[in-house]
Amino acid sequence: DSGVTQTPKHLITATGQRVTLRCSPRSGDLSVYWYQQSLDQGLQFLIQYYNGEERAKGNILERFSAQQFPDLHSELNLSSLELGDSALYFCASSVEAGLIYNEQFFGPGTRLTVL
Amino acid sequence: ILNVEQSPQSLHVQEGDSTNFTCSFPSSNFYALHWYRWETAKSPEALFVMTLNGDEKKKGRISATLNTKEGYSYLYIKGSQPEDSATYLCASDEKLTFGTGTRLTIIP
Numbered sequence: 003d004s005g006v007t008q009t010p011k012h013l014i015t016a017t018g019q020r021v022t023l024r025c026s027p028r029s030g031d032l033s034v035y036w037y038q039q040s041l042d043q044g045l046q047f048l049i050q051y052y053n054g055e056e057r058a059k060g061n062i063l064e065r066f067s068a069q070q071f072p073d074l075h076s077e078l079n080l081s082s083l084e085l086g087d088s089a090l091y092f093c094a095s096s097v098e099a100g101l102i103y104n105e106q107f108f109g110p111g112t113r114l115t116v117l
Numbered sequence: 018i019l020n021v022e023q024s025p026q027s028l029h030v031q032e033g034d035s036t037n038f039t040c041s042f043p044s045s046n047f048y049a050l051h052w053y054r055w056e057t058a059k060s061p062e063a064l065f066v067m068t069l070n071g072d073e074k075k076k077g078r079i080s081a082t083l084n085t086k087e088g089y090s091y092l093y094i095k096g097s098q099p100e101d102s103a104t105y106l107c108a109s110d111e112k113l114t115f116g117t118g119t120r121l122t123i124i125p
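These protein sequence lines map, in sequence, to chains A and B. If you count the first sequence from 1, position 24 lands on 26 in the numbering used here, and the numbers rise without skipping. If you count the second sequence from 1, position 89 lands on 106 in the numbering used here, and the numbers rise without skipping.
By construction, these hints were calculated from the structure, which means they are not laboratory data. Glycine is no exception: its CB is placed at the ideal position from the N, C-alpha and C atoms. Take the hints with a grain of salt, since some may be wrong.
[To be verified] Subject to a maximum C-alpha distance of 30 Å in a straight line, what follows is the list of computed BS3-like cross-link-like pairs (lysine-lysine): (1) A/Lys59 / B/Lys112; (2) B/Lys59 / A/Lys11; (3) B/Lys59 / B/Lys86; (4) B/Lys86 / A/Lys59; (5) B/Lys59 / B/Lys75; (6) A/Lys11 / B/Lys74.
[As the list claims (entries may be wrong)] Which stretches of chain A does chain B cover? Using the computed rule of at least three CB atoms under 8 Å from a CB of chain B, they are: (7) 41-55; (8) 100-106.
[To be verified] Going by beta-carbon spacing under 10 Å, a handful of chain A positions derived as facing chain B: (9) Ala16; (10) Gly18; (11) Arg20; (12) Tyr35; (13) Gly60; (14) Phe71; (15) Pro110.
Just chain A, with the same shape it has in the complex (with noise of 0.2 Å):
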């Protein structure tokens, strides 16, 4: 167990909706990473947050937003969803800020189906 909680485990929705993911990082931990694992890709860096505020922007789409809130949790919001949306989101922390020097610890994932 990482320390990083997600939720929902899975979540089953029907394109042209909107759904939140909901992360809750590591106790101590000022960055949130959000990532997507789709059947046909690897492993993609969405976005960072760190204490707050926007860190690092990876290939997420227009349609995709997340915040972090001054609790620290994080949300990342998926709208007019298509098939293609249909992945494994993960969420992970870290201490600190950057990106790539970091280890990272990842939670368990939502699994998103758009029907």
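The hints should help you fit chain B onto chain A, whose structure is shown.
Frame of chain A, contents of chain B only:
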């Protein structure tokens, strides 16, 4: 090398044997190299973060080396055990691009 690439894609190793696999990454603008272990139905677990050319890191029976000039890292597992069965991922570059992994299966 333009992307992060891993080889082989999959590997079957007899229990007790040692093995190794490769991560290749762009050598220009190198920042760091991450290794993760990802067991089925679990989440990725960090093994190493390496930053210096010639760096060698070890955790139990698992070790890794880094050559930033030629753009590769090796992960070694000594005396493979069934619990080593997992997909091993590496990641590098400024956007932390992940390779597609080496899927290791240990045969008892």
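Hints versus structure:
A C-alpha spacing of about 8 Å is found between A/Lys59 and B/Lys112, which places the hinted pair at or below 30 Å, so the restraint holds. A C-alpha spacing of about 12 Å is found between B/Lys59 and A/Lys11, which places the hinted pair at or below 30 Å, so the restraint holds. About 34 Å separates the Cα atoms of B/Lys59 and B/Lys86, which puts this hinted pair outside 30 Å; it is violated. About 27 Å separates the Cα atoms of B/Lys86 and A/Lys59, which keeps this hinted pair within 30 Å; it holds.
Of the pairs offered as hints, the one joining B/Lys59 and B/Lys75 holds, with about 22 Å between alpha carbons and a cut-off of 30 Å not exceeded. Taking the CA atoms of A/Lys11 and B/Lys74, the gap is about 34 Å. The hint is violated against a cut of 30 Å. Given a C-beta distance limit of less than 8 Å, the hint that chain B covers the segment 41-55 of chain A holds, as 4 residues qualify and 3 suffice. Counting residues of the segment 100-106 of chain A whose beta carbon lies closer than 8 Å to any beta carbon of chain B gives 6, which reaches the threshold of three, so the coverage claim holds.
At its closest, the beta carbon of A/Ala16 sits 26 Å from a beta carbon of chain B; the interface hint therefore is violated under the 10 Å criterion. At about 29 Å, the closest approach between the beta carbon of A/Gly18 and any beta carbon in chain B exceeds 10 Å, and the interface hint on this residue is violated. Checking A/Arg20 against chain B: minimum C-beta separation of about 25 Å lies over 10 Å; hint violated. Satisfaction of the interface hint for A/Tyr35 is found here, the shortest Cβ-Cβ separation to chain B being roughly 8 Å, below the 10 Å cut-off.
Because the beta carbon of A/Gly60 sits about 5 Å from the nearest beta carbon in chain B, less than 10 Å, this interface hint is met. The interface hint given for A/Phe71 is violated, since its Cβ lies 22 Å from the closest Cβ of chain B, which is over the 10 Å cut-off. A distance limit of 10 Å between C-beta atoms decides the matter here; for A/Pro110 the minimum to chain B is near 5 Å, and the interface restraint holds.
In summary, the structure is inconsistent with hints 3, 6, 9, 10, 11, 14 from the numbered list given earlier, while agreeing with the others.
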